[in-house]
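Heads up: the sequence lines are chains S and X, in that order. Counting from 0, one number per residue, gives the positions in the first sequence under numbering that gives the first Met the number 0. Counting from 0, one number per residue, gives the positions in the second sequence under numbering that gives the first Met the number 0.
Simulated from the structure, these hints should not be mistaken for laboratory data. Computed from a predicted structure; not experimentally measured. A couple of the hints might just be wrong.
In this list, chains with the same sequence are indistinguishable; a pair is considered to hold if it fits within one copy or across any two.
Said to hold, decoys possible - In silico SDA-like cross-links for lysine to any residue, where the CA-CA straight-line distance does not exceed 25 Å: (1) K389 - V351; (2) K389 - E352; (3) K148 - E133; (4) K197 - W242; (5) K197 - Q325; (6) K197 - D250; (7) K148 - A262; (8) K359 - E112; (9) K359 - D386; (10) K389 - R54; (11) K389 - G268; (12) K389 - L272; (13) K389 - G303; (14) K359 - Y385; (15) K389 - E353; (16) K389 - S240; (17) K197 - Q118; (18) K389 - R361.
2 protein chains.
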Amino acid sequence: MSVTFARGFRAAGVTAGMKPSGRPDLGLLVADEGRSAAGLFTTNAFAAAPVRLSRHRVARGGARAVLVNSGQANAGTGLSGDNDAERSTAAAAELLGLEPDAMLACSTGVIGEPLHMDQLLAALPGLAGSLSPEGGESFAEAIMTTDTKPKQARAERGPYRVGGCAKGVGMIAPDLHLATMLAFVTTDAPVPSAELRKLAADVLEPKFESLTVDGCTSTNDTVLLFASGAADGDLVVPGTSPWEDVSAALDEVGTSLLLQLAADAEGAGHVVLVEVSGAESVSEARMVAKAVADSLLVKTAVFGGDPNPGRILQAVGSSGASFLPQLVDAFIGDVQVIAGGEIPAAYREAGVEEARAAVKEREVVIGVSVGNGPGHTQVLGVDLSYDYVKINAEYST
Amino acid sequence: MSVTFARGFRAAGVTAGMKPSGRPDLGLLVADEGRSAAGLFTTNAFAAAPVRLSRHRVARGGARAVLVNSGQANAGTGLSGDNDAERSTAAAAELLGLEPDAMLACSTGVIGEPLHMDQLLAALPGLAGSLSPEGGESFAEAIMTTDTKPKQARAERGPYRVGGCAKGVGMIAPDLHLATMLAFVTTDAPVPSAELRKLAADVLEPKFESLTVDGCTSTNDTVLLFASGAADGDLVVPGTSPWEDVSAALDEVGTSLLLQLAADAEGAGHVVLVEVSGAESVSEARMVAKAVADSLLVKTAVFGGDPNPGRILQAVGSSGASFLPQLVDAFIGDVQVIAGGEIPAAYREAGVEEARAAVKEREVVIGVSVGNGPGHTQVLGVDLSYDYVKINAEYST
Numbered sequence: 000m001s002v003t004f005a006r007g008f009r010a011a012g013v014t015a016g017m018k019p020s021g022r023p024d025l026g027l028l029v030a031d032e033g034r035s036a037a038g039l040f041t042t043n044a045f046a047a048a049p050v051r052l053s054r055h056r057v058a059r060g061g062a063r064a065v066l067v068n069s070g071q072a073n074a075g076t077g078l079s080g081d082n083d084a085e086r087s088t089a090a091a092a093e094l095l096g097l098e099p100d101a102m103l104a105c106s107t108g109v110i111g112e113p114l115h116m117d118q119l120l121a122a123l124p125g126l127a128g129s130l131s132p133e134g135g136e137s138f139a140e141a142i143m144t145t146d147t148k149p150k151q152a153r154a155e156r157g158p159y160r161v162g163g164c165a166k167g168v169g170m171i172a173p174d175l176h177l178a179t180m181l182a183f184v185t186t187d188a189p190v191p192s193a194e195l196r197k198l199a200a201d202v203l204e205p206k207f208e209s210l211t212v213d214g215c216t217s218t219n220d221t222v223l224l225f226a227s228g229a230a231d232g233d234l235v236v237p238g239t240s241p242w243e244d245v246s247a248a249l250d251e252v253g254t255s256l257l258l259q260l261a262a263d264a265e266g267a268g269h270v271v272l273v274e275v276s277g278a279e280s281v282s283e284a285r286m287v288a289k290a291v292a293d294s295l296l297v298k299t300a301v302f303g304g305d306p307n308p309g310r311i312l313q314a315v316g317s318s319g320a321s322f323l324p325q326l327v328d329a330f331i332g333d334v335q336v337i338a339g340g341e342i343p344a345a346y347r348e349a350g351v352e353e354a355r356a357a358v359k360e361r362e363v364v365i366g367v368s369v370g371n372g373p374g375h376t377q378v379l380g381v382d383l384s385y386d387y388v389k390i391n392a393e394y395s396t
Numbered sequence: 000m001s002v003t004f005a006r007g008f009r010a011a012g013v014t015a016g017m018k019p020s021g022r023p024d025l026g027l028l029v030a031d032e033g034r035s036a037a038g039l040f041t042t043n044a045f046a047a048a049p050v051r052l053s054r055h056r057v058a059r060g061g062a063r064a065v066l067v068n069s070g071q072a073n074a075g076t077g078l079s080g081d082n083d084a085e086r087s088t089a090a091a092a093e094l095l096g097l098e099p100d101a102m103l104a105c106s107t108g109v110i111g112e113p114l115h116m117d118q119l120l121a122a123l124p125g126l127a128g129s130l131s132p133e134g135g136e137s138f139a140e141a142i143m144t145t146d147t148k149p150k151q152a153r154a155e156r157g158p159y160r161v162g163g164c165a166k167g168v169g170m171i172a173p174d175l176h177l178a179t180m181l182a183f184v185t186t187d188a189p190v191p192s193a194e195l196r197k198l199a200a201d202v203l204e205p206k207f208e209s210l211t212v213d214g215c216t217s218t219n220d221t222v223l224l225f226a227s228g229a230a231d232g233d234l235v236v237p238g239t240s241p242w243e244d245v246s247a248a249l250d251e252v253g254t255s256l257l258l259q260l261a262a263d264a265e266g267a268g269h270v271v272l273v274e275v276s277g278a279e280s281v282s283e284a285r286m287v288a289k290a291v292a293d294s295l296l297v298k299t300a301v302f303g304g305d306p307n308p309g310r311i312l313q314a315v316g317s318s319g320a321s322f323l324p325q326l327v328d329a330f331i332g333d334v335q336v337i338a339g340g341e342i343p344a345a346y347r348e349a350g351v352e353e354a355r356a357a358v359k360e361r362e363v364v365i366g367v368s369v370g371n372g373p374g375h376t377q378v379l380g381v382d383l384s385y386d387y388v389k390i391n392a393e394y395s396t
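With the hints as extra help, turn the sequences into a complete structure.
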């Protein structure tokens, strides 16, 4: 039930005909008594019309619903794109008896193509009419583009429930303030607006930032977090046990969605977890982790089942982070492949086969220590396969 | 004859047996009366032993020869790698009656594997004995790794000749101070050391920096420029017509080598020239150009023959450069695909087929203007094909 696992939410998804495939392409999620909403948005300079609209409305407060379409991204569409986002959310809000500002918007699909407004507007009454507390699954399906399956998660702590769903298999990069995707997370805990923003920033943002598929960041990235307050339970504020409960449930849902996104990344056969420690700061650790996870040579080596310490060395060395080369160690799984900045003889003589086995795992763990500093981080990447090229070369405008 | 087109140079290449393929793998280039040498070196933190040795010796002055091996990169090899670089250049220098410091070293091949010193030392006398003013071609062949053909160029201006050769088909990125490759350029013009360094920095560095294949930068990148002074002609100093002549000849040789490198890039079917103008500075322009040229989504779109303005928009927007989105224009060939930050209706209605034809050219030109600033630059990239994945997934350690 994903987003409707948390009490106080209704959702639905329908086929409006905006996608050529004829699959479901329009979803609606509503908090019956929305208490608060928080959002994380792309930092791409060409933020899409729905991103600009939602960012503004989340900042004003009072948002408690979101209309999501797949098929067109409504990005690179100028003023008429803004008008389309405005009109479609106004129509949805009116059907639900909400203020227009209570309705947010997300779009995903082809950049530059105007929203198919006729189909969207014609489908809205049916969509609103089918809203239900069991609608999470059909909502999760309606937001998909090239995803092979919906991504859904739920968690429960004490009296509180958290649910979520996400889409996004390409264009996922950690460089920006969040990974490129759409994700919707709901909770029935009573969380005031400021505290909900803090939860989004503290728990969800670092998590979604840590995912990279191809270093590209979309114009439409959005993570929305809604609180309905429908659960019995104390107010959720920092320093209390309700805060710990909700944080833990959000963390669990975020982690699950993240792993599902990576596992379904375009053409990916392996998830590559890069763990960096010992950097001078978190941002320096991030530079190193991202350099390794985004290195085409590392990604193709993982695809080829080849433990290639030289490519890890090369990626770390070109990351731009500052460290002493002679302090750098690296591991593939449990096998040390770089020791003090060198590829050790012990590895070449006895470690290659064990490292090769580690690279053939579905989840490949590459650990890098660059010194004795406090900065550490994780980045989740994927391999680069023929299928990645195929999917992206044939995905036409 | 490439590097031996310039008078006063001898070169040779032999098969020492350091490469499993049994192809030529050891080359030697010597200026009979070396007047001066200049070098550009990788900024990778794990600079290989030969890079550290050559950087030091070029800075001291007096270098006039270089020993180049393919097969092992002698990177990630620690102190014993330094000893190997020292011993091999000392042996080569002794055979030629040169001071050890006059001999530079370059290595290319597998990272982390020690130099095959036995084969190298055994092959040196034969290599030195086969040096000749006609040896440029065999030298150019000995430095190849996965290159499908040698890259050679020559130019002549007035009394001066310039020759050059290069290798390097993967791991080429412009982010660092030079593109990842080995290149050797020679001139018979009489150029003092300081002026030769200036020519390398002014003419060769920006050129080699503009090439990107996969955003990865090797531990071994080196461009060496030698002047023999063997030509009749005035001393080459700035503000004179000899300076103009030698600059122009260097530019011609550099451009030719660059295009040959891009054309032979791993798995590349298209060269993608990204021209950015109107940025606030050259470095801002560079951020934009590199974001477009390195975007996996743009690269796969070019491979697929798909003019995809949305992916260009996305790449420009995520570049981190500062600009006003509403001032951004972009062209594929002559077709405007972004106007004022939007994908214009005129393009969608009438421009797609013409843009598709432009993307199917062997050389694809993507022009981006991000405002009215003075910063402009060019970056040369390539598409991303099945063959790129194949070559890099199967290239084993």
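Hints and how they fare:
With identical chains, the CA atoms of K389 and V351 are at most 25 Å apart between copies only, with a shortest distance of 21 Å across copies and 31 Å within one. Taking the shortest Cα distances, K389 and E352 sit within 25 Å of each other only across copies (22 Å), while inside one copy they are farther apart (31 Å). Taking the shortest alpha-carbon separations for K148 and E133, only the intra-copy value of 18 Å comes in at or below 25 Å, while the best inter-copy value is 63 Å. For a Cα distance limit of 25 Å, the shortest separation of K197 from W242 inside one copy, 11 Å, qualifies, whereas the shortest one across copies, 62 Å, does not.
In the homo-oligomer, the alpha carbons of K197 and Q325 never lie at most 25 Å apart, since the shortest distance is 40 Å inside one protomer and 32 Å across protomers. Taking the shortest Cα distances, K197 and D250 sit within 25 Å of each other inside one copy (13 Å), while across copies they are farther apart (56 Å). For the homomeric pair K148 and A262, the shortest alpha-carbon distance inside one copy (10 Å) is at most 25 Å, but the shortest distance between copies (40 Å) is not. Within a single copy, K359 and E112 get their C-alpha atoms only as close as 41 Å, which misses the 25 Å cut-off; across copies the closest is 22 Å, which meets it.
In this homomeric assembly, K359 and D386 come within 25 Å of each other (Cα to Cα) both inside a single copy, at 17 Å, and across copies, at 21 Å. Proximity of K389 and R54 under a CA criterion of 25 Å is satisfied in neither setting, with 34 Å inside one chain copy and 42 Å between copies. Proximity of K389 to G268 under the C-alpha cut-off of 25 Å is found in both arrangements, the shortest distances being 14 Å within a copy and 15 Å between copies. Taking the shortest alpha-carbon separations for K389 and L272, both the intra-copy value of 24 Å and the inter-copy value of 23 Å come in at or below 25 Å.
Both within a single protomer and between protomers do K389 and G303 lie at most 25 Å apart by alpha-carbon distance, with minima of 17 Å and 8 Å respectively. Taking the closest pair of Cα atoms, K359 and Y385 come within 25 Å of each other both inside a single copy (17 Å) and across two copies (21 Å). In this assembly of identical chains, K389 and E353 lie within 25 Å of each other by CA distance solely across copies; the values are 23 Å between and 31 Å within a copy. Taking identical chains as interchangeable, the C-alpha atoms of K389 and S240 are never at most 25 Å apart, the minima being 49 Å within one chain and 53 Å between chains.
In this homomeric assembly, K197 and Q118 never come within 25 Å of each other (Cα to Cα): the closest approach is 38 Å inside a single copy and 63 Å across copies. For the homomeric pair K389 and R361, the shortest alpha-carbon distances inside one copy (21 Å) and between copies (20 Å) are both at most 25 Å.
Of the numbered hints stated above, those contradicted by the structure are hints 5, 10, 16, 17, listed in ascending order.
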